[in-house]
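> Chains as they are written, first to last, in this note's numbering: chain A, 371 to 691; chain B, 371 to 691.
Hints may contain errors.
Any copy will do: because identical chains look the same in the list, a pair fits if it lies in one copy or spans two.
Stated by the list, open to error - Here are the simulated BS3-like pairs of lysine-lysine, each with C-alpha atoms no more than 30 Å apart in a straight line:
| # | residue 1 | residue 2 |
| --- | --- | --- |
| 1 | 597 | 654 |
| 2 | 437 | 579 |
| 3 | 597 | 652 |
| 4 | 597 | 579 |
| 5 | 502 | 579 |
| 6 | 652 | 463 |
| 7 | 665 | 627 |
| 8 | 463 | 631 |
| 9 | 597 | 467 |
| 10 | 502 | 514 |
| 11 | 632 | 652 |
| 12 | 502 | 597 |
| 13 | 463 | 437 |
| 14 | 654 | 579 |
| 15 | 514 | 665 |
| 16 | 631 | 379 |
| 17 | 662 | 381 |
| 18 | 381 | 473 |
| 19 | 381 | 467 |
For the record, the hints were derived by calculation from the structure and aren't laboratory data.
2 protein chains.
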Amino acid sequence: MFSENQWIKIKAPATVANMVCGFDILGFAVNSPYDEMEMKWTTRAENEARITIINIDNYNLPTDPEKNVAGAALIAFLEEYEEKQKSSSPKIKFEVKINKLIKPGSGVGSSAASSAGAVVGANYLVGNIFSKDDLVRFAMNGEKLASGVKHADNIAPCIFGGVTLVRSIFPLEIIALPSPTLHVTIVHPQIEVRTSDARSILRQQVLLKDAIKQWGNIAGLVAGLMKSDYDLIGRSLEDVIIEPVRSILIPGFDDLKLACKKAGALGGGISGSGPSIFMLSKTKEIAIAVEKEMKQLYDGIGLPHHTYVTSINQTGVEIIE
Amino acid sequence: MFSENQWIKIKAPATVANMVCGFDILGFAVNSPYDEMEMKWTTRAENEARITIINIDNYNLPTDPEKNVAGAALIAFLEEYEEKQKSSSPKIKFEVKINKLIKPGSGVGSSAASSAGAVVGANYLVGNIFSKDDLVRFAMNGEKLASGVKHADNIAPCIFGGVTLVRSIFPLEIIALPSPTLHVTIVHPQIEVRTSDARSILRQQVLLKDAIKQWGNIAGLVAGLMKSDYDLIGRSLEDVIIEPVRSILIPGFDDLKLACKKAGALGGGISGSGPSIFMLSKTKEIAIAVEKEMKQLYDGIGLPHHTYVTSINQTGVEIIE
Numbered sequence: 371m372f373s374e375n376q377w378i379k380i381k382a383p384a385t386v387a388n389m390v391c392g393f394d395i396l397g398f399a400v401n402s403p404y405d406e407m408e409m410k411w412t413t414r415a416e417n418e419a420r421i422t423i424i425n426i427d428n429y430n431l432p433t434d435p436e437k438n439v440a441g442a443a444l445i446a447f448l449e450e451y452e453e454k455q456k457s458s459s460p461k462i463k464f465e466v467k468i469n470k471l472i473k474p475g476s477g478v479g480s481s482a483a484s485s486a487g488a489v490v491g492a493n494y495l496v497g498n499i500f501s502k503d504d505l506v507r508f509a510m511n512g513e514k515l516a517s518g519v520k521h522a523d524n525i526a527p528c529i530f531g532g533v534t535l536v537r538s539i540f541p542l543e544i545i546a547l548p549s550p551t552l553h554v555t556i557v558h559p560q561i562e563v564r565t566s567d568a569r570s571i572l573r574q575q576v577l578l579k580d581a582i583k584q585w586g587n588i589a590g591l592v593a594g595l596m597k598s599d600y601d602l603i604g605r606s607l608e609d610v611i612i613e614p615v616r617s618i619l620i621p622g623f624d625d626l627k628l629a630c631k632k633a634g635a636l637g638g639g640i641s642g643s644g645p646s647i648f649m650l651s652k653t654k655e656i657a658i659a660v661e662k663e664m665k666q667l668y669d670g671i672g673l674p675h676h677t678y679v680t681s682i683n684q685t686g687v688e689i690i691e
Numbered sequence: 371m372f373s374e375n376q377w378i379k380i381k382a383p384a385t386v387a388n389m390v391c392g393f394d395i396l397g398f399a400v401n402s403p404y405d406e407m408e409m410k411w412t413t414r415a416e417n418e419a420r421i422t423i424i425n426i427d428n429y430n431l432p433t434d435p436e437k438n439v440a441g442a443a444l445i446a447f448l449e450e451y452e453e454k455q456k457s458s459s460p461k462i463k464f465e466v467k468i469n470k471l472i473k474p475g476s477g478v479g480s481s482a483a484s485s486a487g488a489v490v491g492a493n494y495l496v497g498n499i500f501s502k503d504d505l506v507r508f509a510m511n512g513e514k515l516a517s518g519v520k521h522a523d524n525i526a527p528c529i530f531g532g533v534t535l536v537r538s539i540f541p542l543e544i545i546a547l548p549s550p551t552l553h554v555t556i557v558h559p560q561i562e563v564r565t566s567d568a569r570s571i572l573r574q575q576v577l578l579k580d581a582i583k584q585w586g587n588i589a590g591l592v593a594g595l596m597k598s599d600y601d602l603i604g605r606s607l608e609d610v611i612i613e614p615v616r617s618i619l620i621p622g623f624d625d626l627k628l629a630c631k632k633a634g635a636l637g638g639g640i641s642g643s644g645p646s647i648f649m650l651s652k653t654k655e656i657a658i659a660v661e662k663e664m665k666q667l668y669d670g671i672g673l674p675h676h677t678y679v680t681s682i683n684q685t686g687v688e689i690i691e
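Just chain A, same shape as in the assembly (with noise of 0.2 Å):
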């Protein structure tokens, strides 16, 4: 174990789900924004709540543990730490700081990034006794609680880092799939579209040609991943069934997408259900050059919104004493 009462730092960066065709399945994690949070363990008297969370951003999220993305992962990390330890064992509690530097209701993985790091922050002030494969399935009670669905395509991005496959949730199984350098470019235009409207749009029955598509297209993403094969990466990128439908909720979505291929983006679309919308690039210069093209259309309609350029992260929730 950590010792007792000394804060940890963490650094749980922001997500990108589904990376266009794998909807549901795949995501990666990146460099920035991120969450900073801190956290320590102390030896808990009898009746004593077992997480405290204290926010210190602005965005008044729920501090009761059972409301809190973070605190509902802690809860499920707590649970099945207890049943590990003797009962002899002195219990624990763990306090949290959250601040929040992803934007919540952006679409990059802000509540992920908190689940993700408190259980990878809490599994440190233990010893490392659990999995990575454990923190993700604890982690994915806070995304229940965010948007009603276990999902894991943001969490697991966030704790393994670089960019991940959930081949399966029942049993869960993650892979994480080696990439080439892939300079991203995220915008995020301040309007809200809510996870669980941009899920209920979606048809339940999709065509069996259209789902061929997409299996090609999932498969020569995967493999373009594994080859650093840019070109294919680019042409994999399309996606016939979810886009198609949430993309008009995103103002601008198509402009946006064929102006940043112009300007040299392999290609990208709707990070997780949106608003936000990011780009791969090859190279910093054509992300920067992205970036340019995302802001001049949205300065052009009005919309404000918020850019970053920036790069797959490799390494996920860090630790940093």
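Chain A is fixed; fit chain B onto it per the hints.
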């Protein structure tokens, strides 16, 4: 150009399309069975036939080039070849002898072997002026004749060897996927499943949640092949969309699959549209044990059958002068 009036010998391997979860996109070539062919070119007089087909097996397949899959592929080949030639160049004709060792209708790419063998042979005779992608395009005309659909999931591995991904048909894009050593057991129960029937019973709509499972498995299979991760390959060999529908056409399918996996097979399923069933194994010993299970099951229900124990062929169609 290769010498006029000199026969070359061609080996065209059998192929397994779909590879369980990769309907219409994945396929691989095997070392046995294979078709044997011979081909030569000669100068053609005006009004003389451009293609002569001679069957030296007992299947009585059509010898009219327009009704023979190798003929249909060669017609497409010659059209582009003649376009490329100067008008002053001598016109050529091909003679093709086909010894079919891959039983037509067995579901292991018998028509693809004839089409692919013919165009690879023709390309060799004219000095290899066409790319493999071009050859796939020509050979797909044979598939169109055989099944009504220009599919490439047998043609591509037959020409490229190994495991191939058809990421897209229009425009055609084939990606060779590296794979570890894999032993293949095939059983061909002597029943007739027509490709057109096997296609017509498929539902044109699939549930989104099934499609998501399927593309998780496809991504897992591609990653498993490229990482040489046998367990991941095994877990990913699952088809929740096509197999549940098509397997009802094949007697004993579920029991056979279960018995083969118990004997140590990584997994497997219907080869193409059936009726053959294939299983992948890590070692030759397991592949032989799997064959024993197959024989036992079909002997038990009195269904005549053929089995093959082979491995993935990495070269595709071969020319033996």
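> Are the hints correct? Go through all of them and say.
Going down the list of hints, with the structure as the test:
1. Proximity of residue 597 and residue 654 under a CA criterion of 30 Å is satisfied in both settings, with 21 Å inside one chain copy and 29 Å between copies.
2. When the C-alpha separation of residue 437 and residue 579 is checked against a cutoff of 30 Å, the pair qualifies only between copies, where the shortest distance is 28 Å, while the shortest distance within a copy is 42 Å.
3. Proximity of residue 597 to residue 652 under the C-alpha cut-off of 30 Å is found in both arrangements, the shortest distances being 14 Å within a copy and 24 Å between copies.
4. With identical chains, the CA atoms of residue 597 and residue 579 are at most 30 Å apart both within one copy (27 Å) and between copies (29 Å).
5. In the homo-oligomer, the alpha carbons of residue 502 and residue 579 lie at most 30 Å apart only across protomers (26 Å), although the nearest pairing inside one protomer, at 36 Å, exceeds that limit.
6. In the homo-oligomer, the alpha carbons of residue 652 and residue 463 never lie at most 30 Å apart, since the shortest distance is 45 Å inside one protomer and 48 Å across protomers.
7. With identical chains, the CA atoms of residue 665 and residue 627 are at most 30 Å apart within one copy only, with a shortest distance of 13 Å there and 56 Å across copies.
8. Taking CA atoms no more than 30 Å apart as the test, residue 463 paired with residue 631 passes in neither setting, with 50 Å inside one copy and 47 Å between copies.
9. For the homomeric pair residue 597 and residue 467, neither the shortest alpha-carbon distance inside one copy (41 Å) nor that between copies (40 Å) is at most 30 Å.
10. In this assembly of identical chains, the alpha carbons of residue 502 and residue 514 lie at most 30 Å apart only when taken from the same copy (18 Å versus 49 Å across copies).
11. For the homomeric pair residue 632 and residue 652, the shortest alpha-carbon distance inside one copy (14 Å) is at most 30 Å, but the shortest distance between copies (46 Å) is not.
12. In this assembly of identical chains, residue 502 and residue 597 lie within 30 Å of each other by CA distance both inside one copy and across copies; the values are 26 Å within and 20 Å between.
13. When the C-alpha separation of residue 463 and residue 437 is checked against a cutoff of 30 Å, the pair qualifies only within one copy, where the shortest distance is 17 Å, while the shortest distance between copies is 78 Å.
14. For the identical chains of this complex, residue 654 and residue 579 are neighbours neither inside a copy (37 Å) nor across copies (37 Å), given an alpha-carbon limit of 30 Å.
15. Proximity of residue 514 and residue 665 under a CA criterion of 30 Å is satisfied in neither setting, with 33 Å inside one chain copy and 49 Å between copies.
16. For the homomeric pair residue 631 and residue 379, neither the shortest alpha-carbon distance inside one copy (38 Å) nor that between copies (48 Å) is at most 30 Å.
17. Taking the shortest Cα distances, residue 662 and residue 381 sit within 30 Å of each other inside one copy (28 Å), while across copies they are farther apart (56 Å).
18. Taking the shortest alpha-carbon separations for residue 381 and residue 473, only the intra-copy value of 15 Å comes in at or below 30 Å, while the best inter-copy value is 61 Å.
19. Only within a single protomer do residue 381 and residue 467 lie at most 30 Å apart by alpha-carbon distance; the minimum there is 12 Å, versus 68 Å between protomers.
When the structure is compared with the earlier hints, violations turn up for hints 6, 8, 9, 14, 15, 16 and for no others.
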